[in-house]
Structure formats: C-alpha cells, structure tokens
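Protein chains: 2
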Amino acid sequence: MARIRRSEKTREALLEQGINLLSEHGYHGTGLKLILDTVKVPKGSFYNYFPSKEHFVSEILDTYAANLLLQFDEYLTTTQDDPLLIVQKVYGSMISVFEAEGCLKGCLLGNMAAEIGAHSELCRVSMQKTLAAWKKRIVVVFENAQSQGIFRDDVSAEALADVFWCTWEGGILRMKIDGDTKVLRHSLDCVLTTLFAKDKV
Amino acid sequence: MARIRRSEKTREALLEQGINLLSEHGYHGTGLKLILDTVKVPKGSFYNYFPSKEHFVSEILDTYAANLLLQFDEYLTTTQDDPLLIVQKVYGSMISVFEAEGCLKGCLLGNMAAEIGAHSELCRVSMQKTLAAWKKRIVVVFENAQSQGIFRDDVSAEALADVFWCTWEGGILRMKIDGDTKVLRHSLDCVLTTLFAKDKV
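Residue numbers (this note's numbering), protein chains in the order written: chain A, 1 to 201; chain B, 1 to 201.
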C-alpha cells in the first residue's frame, strides 16, 4: 500500500516537473534525464511509469489542461463579474505569471503544437481534447457577453472564440520574440474591448 | 575562383535545406547530421561555413525572411489590387502552400519563436529584425485600407498589424493541432473582412 502511494507520488512529481521543463525547453530540448534527475528517479525506472516519452508528454498535456480548466471552472462558479471582466481577469493573471517567469515559458499547449503538433498523433489527440474542453467553456462566456450587449453578435461566439485563441497563442509567440508582454497585452485588449465590442450606435 | 563559387553554392544549399528541415522538425528535432547528409557535406566541414548551429539558424531565419519579403515587395510594386485583396491573396497563397505540404510545416519564424525564442539571443535578434521589416510593409497596406474606407480607423494600423500577426501565427498552431487549415482560414477571414472592417453606417 505504502509502495503504491510512493509510486503514485513519483508519477505525479514527474508530470509536474515535466510541465515546468517542457514549457521552457520544449519537447526535444527537454531530455528525460533532466526530468528524472530533478525528481531524483533512477533513469531505468522511467518506463515503470510511462511507456514512452510521447505517452509521458501526452499525459503532461492532459494534466496541464485539467489543472487550468479546474481553476477556470472554480472561478466561473463563484464570480459575479460580467463576462468581459471574467476573460480579462483570467487571461490577465496568466500574463502576470508569464512575466513573473521572465517571459520564458508561455503556454505548454502552444509550444507543443509548434514543435510536435504535426508529428505526434498521440499528443495531437490530447491537444484536440483540451481545445474542445476549453472552447466549450469560453463559448458560454462569449455567448453571455453577446446576450448582455457587450460583444458584437454579427459573428458567432464560436468564431470569436477561435480568433481569441489564435490571438492569445500568437501573442505568446510575440512575447518570446520581444522578451516582454507588451504586444500580447495590447492585442488581447484590442480584440476584447474594441474588435469584439458591440457597436454603441 | 571555382573553389569559392563551389563553397558559396554549398553554403546556400545548407541554408535552403535548413529552412526545409527546421520548418518541419524544429530546432532540437533537426540534427546537423541530417542537413549535412541531405546536402552531401562531410560532417567535419560544417564549421567552415558557420561558427555554430545557433549562428546557422539565425542566418536561416534571415534568409527565410528575406525571400518572403522580396516576394511581397515584388507583388506590391506590380499589383493593382486594393489593400484588402493584397493581404487576402498573399496570405491565402501561403495557406495553400501549407496545405500542399500536408499542414506539417507552417511558419519558420513562429516555430523558432515557440521553441528557442526565449533562449537564443542571436536568433531572437534575427526574429525581431524580420518582424520589424514585415511590419513596416504591412502597416502601409493597412493604412491604405484605412484611407480607402475598407478598414476601421478607430484603431491604429500598427495595432491592427499586431493583432493580424498574432491571429496568423496562432492560426498556424491550430492548423498543426487540427491537421487542417479550416480555423486558420476562417479566423483570418473573420479578422480581415469583419472585425477590421469599417462600419458601413
């Protein structure tokens, strides 16, 4: 029993460190040895936990997404904020985290999409599931913004959600090129408060 | 003299193959050996051409950008199309190239930004120069669209250009996750023809 608990703890620690290291160094840039050393797991025993690096990364993507979506859900069920403010707070706080990390990491999903999206079917399926789960939530928030007259309604909430995701992920790439979050912040703000805004006529 | 010409030709071939392979496999995923084998250059002689892999990739980024900007400039000086059509044709044709390549490659600049943007100062400078050169051109096109009443003018052409770039690069990440260009095409179209459009009131 104690052995099972220890094994589960190690597995969780590997996933947690995996999120950290992959976010910064990418798929090919993060050797398994580095992750195993950080968690103090002997190299040979990695395959007791995961069948391959690809399976490991696919599970990291699932864990990363589950954590973020859980935070999002908790916030959604307790907040009294209007839909625009919800999106501004959630994404503003993620940008603050990026800044605190020196603009080095960004979004694990976007990083993995750029590097291995086209090549790992297993990871691609994880990313598609994550995107679908995220979109289900954000579309509801955007629909609320439309019905409250905050967002324009000549474009579907789904199409706005796609543009929003693209702007967000592209903005993170700009952050990595510029070394700061200026364009990411401005572009997100421009999209949410001007381009998506319901005309005040 | 013949020796110099041969050497220059090899250098160009290395850069060209570098663009191809890095676009698909990324920085860490593309071993120098693979590029050298493809161009049939002995491994030991790589450093006669470039001081390091990082320098090589920085020069690849410069070459890639110079080629694209040259094509863009040639098109701009000869076309009679209105500004919106110019952007639609240029980016539409890039999407067609992505499709022909099986949605595997995408934009080298975006790929490198995701993978090594935060870590290679040398490549980051190349990317910043490329972005600045691209933005100088696209802002003129967007300003023309504004003065012709096609694009809204309550947001600066520069801010619209930033949102456009982010949507484009984020859309390419979606292409890699989805394995098709549907969201990339729709989001770009939504931005250009609806969100950026001058209100017809």
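Treat each hint with caution, since some may be false.
Copies of the same chain look alike in the list, so a pair counts if it fits in one copy or across any two.
Said to hold, decoys possible - Listed next, the in silico SDA-like pairs over lysine to any residue satisfying Cα-Cα at most 25 Å (straight line):
1. Lys53 - Ile86
2. Lys129 - Thr63
3. Lys9 - Glu121
4. Lys182 - Leu192
5. Lys182 - Ser120
6. Lys129 - Asp37
7. Lys40 - Ala197
8. Lys53 - Asp178
9. Lys43 - Cys190
10. Lys43 - Glu99
11. Lys129 - Thr38
12. Lys89 - Val155
13. Lys33 - His119
14. Lys136 - Asp189
15. Lys40 - Arg5
16. Lys53 - Leu32
17. Lys182 - Glu121
18. Lys182 - Val140
19. Lys40 - Thr194
20. Lys89 - Thr77
21. Lys182 - Val125
22. Lys198 - Pro51
23. Lys129 - Gly179
24. Lys43 - Thr130
25. Lys136 - Cys190
26. Lys198 - Ala159
27. Lys53 - Gly29
Rather than coming from a laboratory, the hints here were simulated on the basis of the structure.
Taking the hints in turn, this is what the structure says about them:
1. Lys53 - Ile86: neither (36 Å within a copy, 44 Å between copies)
2. Lys129 - Thr63: within (12 Å within a copy, 37 Å between copies)
3. Lys9 - Glu121: neither (28 Å within a copy, 37 Å between copies)
4. Lys182 - Leu192: Both: 16 Å inside a copy, 23 Å across copies.
5. Lys182 - Ser120: between (32 Å within a copy, 20 Å between copies)
6. Lys129 - Asp37: Neither: 31 Å inside a copy, 38 Å across copies.
7. Lys40 - Ala197: neither (51 Å within a copy, 56 Å between copies)
8. Lys53 - Asp178: between (31 Å within a copy, 22 Å between copies)
9. Lys43 - Cys190: Cα proximity of lysine 43 and cysteine 190: none, with 48 Å in one copy and 49 Å across.
10. Lys43 - Glu99: neither (33 Å within a copy, 41 Å between copies)
11. Lys129 - Thr38: The answer is neither: 29 Å in one copy and 37 Å across copies each exceed 25 Å.
12. Lys89 - Val155: both (23 Å within a copy, 23 Å between copies)
13. Lys33 - His119: Close inside one copy (22 Å) and across copies (20 Å); limit 25 Å.
14. Lys136 - Asp189: This pair counts as both: shortest intra-copy Cα distance 22 Å, inter-copy 22 Å.
15. Lys40 - Arg5: The answer is within: 17 Å in one copy meets 25 Å, while 54 Å across copies does not.
16. Lys53 - Leu32: For lysine 53 and leucine 32, the Cα distance is within 25 Å both inside one copy (8 Å) and across copies (22 Å).
17. Lys182 - Glu121: Close across copies (19 Å), not inside one copy (34 Å); limit 25 Å.
18. Lys182 - Val140: So lysine 182 and valine 140 pass the 25 Å test across copies only (22 Å; inside, 28 Å).
19. Lys40 - Thr194: neither (50 Å within a copy, 54 Å between copies)
20. Lys89 - Thr77: within (15 Å within a copy, 45 Å between copies)
21. Lys182 - Val125: between (32 Å within a copy, 17 Å between copies)
22. Lys198 - Pro51: neither (50 Å within a copy, 54 Å between copies)
23. Lys129 - Gly179: Between copies, since 14 Å is at most 25 Å while 30 Å is not.
24. Lys43 - Thr130: neither (30 Å within a copy, 42 Å between copies)
25. Lys136 - Cys190: Intra 23 Å, inter 20 Å, cutoff 25 Å: intra and inter.
26. Lys198 - Ala159: Both: 15 Å inside a copy, 19 Å across copies.
27. Lys53 - Gly29: Answer is both; intra-copy 13 Å and inter-copy 14 Å each pass.
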